[in-house]
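Asker: Letter by letter, the chains look like this.
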Amino acid sequence: MLGVVRKKMLGQSLLKIRPAVSMLRSYSSAAKQMTVRDALNSALDEEMSADQKVFLMGEEVGEYQGAYKISKGLLEKYGPERVLDTPITEAGFAGIAVGAAYHGLKPVVEFMTFNFSMQAIDHIINSAAKSNYMSAGQMSVPIVFRGPNGAAAGVGAQHSQCYAAWYASCPGLKVLTPYSSEDARGLLKAAIRDPDPVVFLENELLYGESFSVSDEVLDSSFCLPIGKAKIERVGRDVTITAFSKMVGHALKAAEILEKDGIDAEVINLRSIRPLDRSTINASVRKTNRLITVEEGFPQHGVGAEICASVVEESFAYLDAPVERIAGADVPMPYAANLERLAVPQVEDIVRAVKRACYRSVPLAAAA
Amino acid sequence: MGRMGFSPKHACLTDEKDPNRQKITNLTSCLLVSCQLNLHCEVRPPFSSKFPLPFFPSLPIGTKATKMSTAFSAANFSTQSFPLNHTSTTSHDSPLVFAKPTSQFLRSTRKLRLSSSSKLNLNRRSGTVVAVSDVVKQKKSKSTPTLLITKEEGLELYEDMVLGRAFEDMCAQMYYRGKMFGFVHLYNGQEAVSTGFIKLLKQQDSVVSTYRDHVHALSKGVPARAVMSELFGKTTGCCRGQGGSMHMFSREHNLLGGFAFIGEGIPVATGAAFTSKYKREVLKEADCDHVTLAFFGDGTCNNGQFFECLNMAALWKLPIVFVVENNLWAIGMSHLRSTSDPQIYKKGPAFGMPGIHVDGMDVLKVREVAKEAIGRARRGEGPTLVECETYRFRGHSLADPDELRDPAEKAHYAARDPITALKKYLTENNLASDAELKAIDKKIDEVVEDAVEFADESPVPPRSQLLENVFADPKGFGIGPDGRYRCEDPKFTEGTAHV
Numbered sequence: 001m002l003g004v005v006r007k008k009m010l011g012q013s014l015l016k017i018r019p020a021v022s023m024l025r026s027y028s029s030a031a032k033q034m035t036v037r038d039a040l041n042s043a044l045d046e047e048m049s050a051d052q053k054v055f056l057m058g059e060e061v062g063e064y065q066g067a068y069k070i071s072k073g074l075l076e077k078y079g080p081e082r083v084l085d086t087p088i089t090e091a092g093f094a095g096i097a098v099g100a101a102y103h104g105l106k107p108v109v110e111f112m113t114f115n116f117s118m119q120a121i122d123h124i125i126n127s128a129a130k131s132n133y134m135s136a137g138q139m140s141v142p143i144v145f146r147g148p149n150g151a152a153a154g155v156g157a158q159h160s161q162c163y164a165a166w167y168a169s170c171p172g173l174k175v176l177t178p179y180s181s182e183d184a185r186g187l188l189k190a191a192i193r194d195p196d197p198v199v200f201l202e203n204e205l206l207y208g209e210s211f212s213v214s215d216e217v218l219d220s221s222f223c224l225p226i227g228k229a230k231i232e233r234v235g236r237d238v239t240i241t242a243f244s245k246m247v248g249h250a251l252k253a254a255e256i257l258e259k260d261g262i263d264a265e266v267i268n269l270r271s272i273r274p275l276d277r278s279t280i281n282a283s284v285r286k287t288n289r290l291i292t293v294e295e296g297f298p299q300h301g302v303g304a305e306i307c308a309s310v311v312e313e314s315f316a317y318l319d320a321p322v323e324r325i326a327g328a329d330v331p332m333p334y335a336a337n338l339e340r341l342a343v344p345q346v347e348d349i350v351r352a353v354k355r356a357c358y359r360s361v362p363l364a365a366a367a
Numbered sequence: 001m002g003r004m005g006f007s008p009k010h011a012c013l014t015d016e017k018d019p020n021r022q023k024i025t026n027l028t029s030c031l032l033v034s035c036q037l038n039l040h041c042e043v044r045p046p047f048s049s050k051f052p053l054p055f056f057p058s059l060p061i062g063t064k065a066t067k068m069s070t071a072f073s074a075a076n077f078s079t080q081s082f083p084l085n086h087t088s089t090t091s092h093d094s095p096l097v098f099a100k101p102t103s104q105f106l107r108s109t110r111k112l113r114l115s116s117s118s119k120l121n122l123n124r125r126s127g128t129v130v131a132v133s134d135v136v137k138q139k140k141s142k143s144t145p146t147l148l149i150t151k152e153e154g155l156e157l158y159e160d161m162v163l164g165r166a167f168e169d170m171c172a173q174m175y176y177r178g179k180m181f182g183f184v185h186l187y188n189g190q191e192a193v194s195t196g197f198i199k200l201l202k203q204q205d206s207v208v209s210t211y212r213d214h215v216h217a218l219s220k221g222v223p224a225r226a227v228m229s230e231l232f233g234k235t236t237g238c239c240r241g242q243g244g245s246m247h248m249f250s251r252e253h254n255l256l257g258g259f260a261f262i263g264e265g266i267p268v269a270t271g272a273a274f275t276s277k278y279k280r281e282v283l284k285e286a287d288c289d290h291v292t293l294a295f296f297g298d299g300t301c302n303n304g305q306f307f308e309c310l311n312m313a314a315l316w317k318l319p320i321v322f323v324v325e326n327n328l329w330a331i332g333m334s335h336l337r338s339t340s341d342p343q344i345y346k347k348g349p350a351f352g353m354p355g356i357h358v359d360g361m362d363v364l365k366v367r368e369v370a371k372e373a374i375g376r377a378r379r380g381e382g383p384t385l386v387e388c389e390t391y392r393f394r395g396h397s398l399a400d401p402d403e404l405r406d407p408a409e410k411a412h413y414a415a416r417d418p419i420t421a422l423k424k425y426l427t428e429n430n431l432a433s434d435a436e437l438k439a440i441d442k443k444i445d446e447v448v449e450d451a452v453e454f455a456d457e458s459p460v461p462p463r464s465q466l467l468e469n470v471f472a473d474p475k476g477f478g479i480g481p482d483g484r485y486r487c488e489d490p491k492f493t494e495g496t497a498h499v
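Going line by line, the protein sequences match chains A and B. Each residue of the first sequence is one higher than the one before, counting from 1 in UniProt numbering. Each residue of the second sequence is one higher than the one before, counting from 1 in UniProt numbering.
By construction, these hints were calculated from the structure, which means they are not laboratory data. The structure presented is a predicted model; accordingly, all values stated were derived computationally and were not measured. Hints are supplied without guarantee of correctness; some may be wrong.
Straight line, CA to CA, 35 Å or less: simulated DSBU-like cross-link-like pairs of lysine-lysine [said to hold, decoys possible]:
| hint | chain 1 | residue 1 | chain 2 | residue 2 |
| --- | --- | --- | --- | --- |
| 1 | B | 234 | B | 438 |
| 2 | B | 317 | A | 69 |
| 3 | B | 179 | B | 202 |
| 4 | A | 53 | B | 317 |
| 5 | B | 151 | A | 53 |
| 6 | B | 423 | A | 77 |
| 7 | B | 424 | B | 199 |
| 8 | B | 347 | B | 371 |
| 9 | B | 371 | A | 53 |
| 10 | A | 53 | A | 230 |
| 11 | A | 77 | B | 284 |
| 12 | A | 53 | A | 32 |
| 13 | B | 423 | B | 347 |
| 14 | B | 202 | A | 69 |
| 15 | A | 69 | B | 284 |
| 16 | B | 347 | B | 277 |
| 17 | A | 354 | A | 259 |
| 18 | A | 53 | B | 199 |
| 19 | A | 53 | B | 423 |
| 20 | B | 371 | B | 151 |
| 21 | B | 423 | B | 442 |
| 22 | B | 424 | A | 53 |
| 23 | B | 371 | A | 77 |
| 24 | B | 202 | B | 442 |
| 25 | B | 424 | B | 202 |
| 26 | B | 284 | A | 53 |
| 27 | B | 424 | B | 371 |
Coverage of chain B stretches by chain A, computed from C-beta distances (three or more under 8 Å per stretch; other residues unrestricted) [stated by the list, open to error]:
| hint | segment |
| --- | --- |
| 28 | 257–268 |
| 29 | 463–472 |
All C-beta atoms, glycine included, are put in the ideal place defined by N, C-alpha and C.
Bound conformation, chain A alone:
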């Protein structure tokens, strides 16, 4: 940790944006707080300084300091050859990054939101994900596609879709969804070091949230394993799986449920592909009930996959049908109250857990 802090002291420009880290020097053992934005920035910074082959490419990542300020300070530190501002050509620059990755460089491609990745999805799937297989191992693609995913606040239908299910269904990709700052740092470092294409789905509303981080997290060699979920809250009565922003909602729901005597176990998936089926199934075998929470569209979503996995492996252990909480099956509306209805809220999770625990008011009967 100290090594990291010293490095940061050298970069004058970074001090301005790292108030959390500069505070670290004054406190010795208090819990450190770090925003997700700073976590991502520090992870990028450390990986770029450790390996010269890592470079960042995207719209507004350089002079604008990042559309969401994730890449703040990186242009001054690493120069325009490694932090590239691109024209508005998602297909073009995603493909260029894949071509660079074929030759051993390690590009980090930023999409301003993952909705724009649809313009480049041909390259993400066809030339990144499938290349190692098509070439029988000759062309590996150590690339990271990152950017905010899912709903923000009032941005409308074309800026609010969650792409976890789409990318997670494709073999050859790894799909990661961090929640806290620890997740963001650890998973982004793992993604950049990983020799395969990784789709890194962040969340815009989480960028400004602060989480406490331990010293281990701040170390420059900190890395989280890809494919391992984290049990955020241990419980006995029901398992709630969630990823990204929904983990926060699930934790709040768990607190509410505790007052009603229901002890919920909250699993932060962290990795959608590969999905940590063993952790999920072990948890379900313990609690016998499962609620899956996600922000995206319900049909063919992540919850559907988790439900199928649990039914295949732990059917005998289920005491209640698996419930999926997902976004409404509509393009995201603009009006604030409708948007609130279209995205799962804490109350939805609480109600679903109660249904799963008592089955006193089955959903079908209520409808």
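Following the hints, put chain B in place on chain A, whose structure we already have.
Answerer: Only chain B this time, still in chain A's reference frame:
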């Protein structure tokens, strides 16, 4: 299709006005436009004076009328508006290939053409002369024509083209015998482009192609055995049978694919060129001057990714050459029916790079242009767009009945077979004897036969290969906290397959 006067059933696209007049006007305006263009690139004199001659003036007008590709847009290439063209006046002096043959060719095929063609042809040609000679003084070498290639180079080119042709013919045979399956796209007729460009590359230079990639693989150095086994789907193929006809990859030879989506290879090629520049500037490998060639067709030139990459390659001055294999047809869609401005080379200057049009049926012309374009890239002067006018003798793929193309058009191009032309050049200039060329033919036949036998005898991939190579990380999982790769959940990739 929009071929004026060619296909009566598509008469709706036939120009009502005199196609020839329109052609002259367009031609002249093209030249004038190109002369006015001011590109910031340097052209060394040897390049422009030896610039390949356009074959188009030799084209009888009635036929390819709408291929207004006559203007040597190499005129755009230089800041001094150079000429370069003229077959009629300089052909006998020029060292370049088709001088005599073109005129003979012209006479012989005139019978196929509309009777008005000859007169109009002259008009067209004189139109060209007027436009060009007004602008330029041309240097002509009156002394004995210097040859463009040495004997060894000539034989190498010949062997490569014959290998490509023999291989593709064998592919067709094998397909109809059921040994090859799926989509197979053959390259017959276009060998001059592949050979002309790829034979100038080093091993570390990269080539990115489309689904019509067998011959690019062969020219780049991938063994015929490996390519044939890949097509048969055997485990000894260059991609262990996992890629197939459309996805040829070779790390050793820097063949970066083989892409089925048109336009998909262009950004990947631009990225490979980007790497070359990155290695030089950031990783400080000072002598890294690797060039990338991107091959794609005329249909691709209407695709967004093409324009995106022209922009970025010129913006960042990447060492890449964009080679358009304009064979006029995208499956059954004629280039002229689908493109607002069919002259693809003009799209280069729009983005700030030179656009060149060359006769893609003449390997020597292609080679001359390629030398210059690749040299430009190697020196760090940026990208070039080269449009090679070529033709595929077979259909789009082996499943294509190829009913829409006019047989007269096919015959016209069949008469300009690049292999026959090179053979003629070599024998007429005493670079090689018939016997030597026949020996090469025989050798290639043996190579191809051997490739088929090898592929036949190779084993199919074992069942366990189904789940391999999905990830470079062998167990498909990332790094654990101890810094080593995790190995968990072996069922992860299996799905329902019993492996």
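Asker: Give a verdict on every hint.
Answerer: Now for the hints, and whether the structure bears them out:
1. Taken as a hint, the residue 234/B and residue 438/B pair is honoured in the structure, with Cα atoms around 32 Å apart against an allowance of 35 Å.
2. For the hint pairing residue 317/B with residue 69/A, the CA-to-CA distance comes to about 28 Å; that is within 35 Å, so the pair holds.
3. For a cut-off of 35 Å, the pair hint linking residue 179/B to residue 202/B stands: about 33 Å separates their Cα positions.
4. Between residue 53/A and residue 317/B the CA atoms are separated by roughly 20 Å; this keeps the pair inside 35 Å, and the hint holds.
5. A C-alpha spacing of about 44 Å is found between residue 151/B and residue 53/A, which places the hinted pair above 35 Å, so the restraint is violated.
6. The straight-line distance between the Cα atoms of residue 423/B and residue 77/A is roughly 59 Å, outside the 35 Å bound, and the hint therefore fails.
7. With a CA separation close to 20 Å, the supplied pair residue 424/B and residue 199/B stays within the 35 Å bound.
8. Restraint check for residue 347/B and residue 371/B: the C-alpha separation of about 21 Å stays at or below 35 Å, so the hint holds.
9. Our distance criterion of 35 Å between C-alpha atoms is met by residue 371/B and residue 53/A, whose separation comes to about 31 Å.
10. Proposed proximity of residue 53/A and residue 230/A is supported: the alpha carbons are some 31 Å apart, at most 35 Å.
11. Of the pairs offered as hints, the one joining residue 77/A and residue 284/B holds, with about 18 Å between alpha carbons and a cut-off of 35 Å not exceeded.
12. With a CA separation close to 31 Å, the supplied pair residue 53/A and residue 32/A stays within the 35 Å bound.
13. Between residue 423/B and residue 347/B the alpha-carbon distance is near 34 Å, which keeps this suggested pair within the 35 Å criterion.
14. For a cut-off of 35 Å, the pair hint linking residue 202/B to residue 69/A is broken: about 43 Å separates their Cα positions.
15. For a cut-off of 35 Å, the pair hint linking residue 69/A to residue 284/B stands: about 29 Å separates their Cα positions.
16. For the hint linking residue 347/B to residue 277/B, the alpha-carbon distance of about 24 Å falls within 35 Å, and the restraint holds.
17. Between the alpha carbons of residue 354/A and residue 259/A the distance comes to roughly 12 Å, so the proposed pair stays at or under 35 Å and holds.
18. A hinted pair counts as satisfied when its Cα atoms are at most 35 Å apart, and residue 53/A with residue 199/B qualifies at roughly 30 Å.
19. Between the alpha carbons of residue 53/A and residue 423/B the distance comes to roughly 48 Å, so the proposed pair goes past 35 Å and is violated.
20. For the proposed pair residue 371/B and residue 151/B, the alpha carbon gap of about 18 Å is at most 35 Å, so the pair holds.
21. Distance restraint check for residue 423/B and residue 442/B: the Cα-Cα separation of roughly 15 Å lies within the 35 Å cut-off, and the hinted pair is therefore satisfied.
22. Under the criterion of a C-alpha separation no larger than 35 Å, the hint pairing residue 424/B with residue 53/A is inconsistent with the structure, at around 50 Å.
23. Taking the CA atoms of residue 371/B and residue 77/A, the gap is near 39 Å; set against the 35 Å cutoff, the hint is violated.
24. Simply put, residue 202/B and residue 442/B have alpha-carbon atoms about 27 Å apart, close enough for the 35 Å limit, and the pair holds.
25. With a CA separation close to 28 Å, the supplied pair residue 424/B and residue 202/B stays within the 35 Å bound.
26. Annotation: proposed proximity of residue 284/B to residue 53/A holds, straight-line Cα distance about 11 Å (limit 35 Å).
27. Between the alpha carbons of residue 424/B and residue 371/B the distance comes to roughly 22 Å, so the proposed pair stays at or under 35 Å and holds.
28. Only when three residues or more bring their CB closer than 8 Å to a CB of chain A does the claim for the segment 257–268 of chain B stand; here the count is 9, and the claim holds.
29. Only residues whose C-beta sits within less than 8 Å of a C-beta in chain A count toward coverage, and the segment 463–472 of chain B has 5 of them, enough to reach three; the restraint holds.
The structure fails hints 5, 6, 14, 19, 22, 23 (numbered hints given earlier, in ascending order).
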